[in-house]
Amino acid sequence: MKELLEQDHYEVLEVSRDASSKEIDRGYRVVRSAYEGDSLALYSVFGETEAGAILERIDEAYQILSDSSAREAYDLLCQEKEESKEEASIDANVDAFASVVDDMGQSLSLAHPNTEFREEADVLDEFEKAAGSPLDDFLPVDGAGLRSARIRSDIDLQKVSDVTKISMTNLRNIEQENFEDLPASVYVRGFVMAYAKTIELDAERVAAAYMERVEASRSAQSRGRFLGRR
Numbered sequence: 335m336k337e338l339l340e341q342d343h344y345e346v347l348e349v350s351r352d353a354s355s356k357e358i359d360r361g362y363r364v365v366r367s368a369y370e371g372d373s374l375a376l377y378s379v380f381g382e383t384e385a386g387a388i389l390e391r392i393d394e395a396y397q398i399l400s401d402s403s404a405r406e407a408y409d410l411l412c413q414e415k416e417e418s419k420e421e422a423s424i425d426a427n428v429d430a431f432a433s434v435v436d437d438m439g440q441s442l443s444l445a446h447p448n449t450e451f452r453e454e455a456d457v458l459d460e461f462e463k464a465a466g467s468p469l470d471d472f473l474p475v476d477g478a479g480l481r482s483a484r485i486r487s488d489i490d491l492q493k494v495s496d497v498t499k500i501s502m503t504n505l506r507n508i509e510q511e512n513f514e515d516l517p518a519s520v521y522v523r524g525f526v527m528a529y530a531k532t533i534e535l536d537a538e539r540v541a542a543a544y545m546e547r548v549e550a551s552r553s554a555q556s557r558g559r560f561l562g563r564r
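Just so we're aligned: the sequence shown equals residues 335 to 564 in the working numbering.
Honestly, the hints are just simulated from the structure, not real lab data. We treat Cβ as the ideally placed atom computed from N, Cα and C, and that holds for glycine. Heads up, some of the hints might be wrong.
[Said to hold, decoys possible] What follows is a set of in silico ranges between Cβ atoms, one per label pair, in the way DEER data are often shown: (1) Arg-547 / Glu-416: 30 to 36 Å; (2) Ser-402 / Lys-499: 33 to 39 Å; (3) Pro-474 / Met-502: 20 to 26 Å; (4) Asn-512 / Glu-416: 29 to 35 Å; (5) Asp-409 / Asp-536: 43 to 49 Å; (6) Arg-547 / Arg-363: 22 to 28 Å; (7) Gln-397 / Arg-539: 38 to 44 Å.
Using the sequences and the hints given, assemble the complete structure.
Have a look at this one:
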């Protein structure tokens with residue numbers, strides 16, 4: 335995977351080259367939110383200084399792409415560069431998140447029982463007893479399944495946010511599978527691992543299964559945009 339500082343402006347904002355101004359505005363907001371604040375997952379990968387440099391890079395990309403004249407000039411420059419080299423393939427590298435998620439498990443302090451969803455939790459409890467196996471072996475690894483497992487663990491979403499330092503917006507988007515509103519896959523995987531660890535699920539298994547859904551959705555969306563331009 336190319337480092338963010340090495341990506342072109344469109345890659346930085348995670349938008350296509352024919353993105354509308356509205357899509358560019360939205361991409362800027364989503365990507366910038368992933369690098370702001372004091373996210374535990376973020377600072378396990380980037381120091382404060384580097385995170386600041388990344389924010390500047392995101393702002394620079396937006397400044398160019400939100401100005402029609404500057405964007406046109408930039409597109410011409412990119413076209414010249416692309417004619418002289420092949421597109422580099424993008425590989426996701428998430429090893430840095432594993433140690434953070436493991437360390438997190440040592441200091442978790444679970445919330446007091448959440449009675450808001452007690453009825454649903456009771457149903458899940460009976461299901462687990464009948465199955466005779468850990469809950470995460472049976473629940474589907476999707477947004478709804480993660481939410482059900484969290485409720486079964488008597489942990490509210492705010493507690494997950496407090497422990498992981500992941501924003502409530504990103505946590506809700508994970509549970510609701512709003513893939514378009516989530517940041518780059520490398521960060522989504524780290525967020526899901528931290529989420530799963532917080533509610534005492536198998537972080538590696540959950541993240542791997544959830545990311546299959548993320549990548550499938552994003553690939554389908556990319557194909558749709560490509561076919562729409564033909």
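List, from low to high, the hint numbers that the structure doesn't satisfy. none
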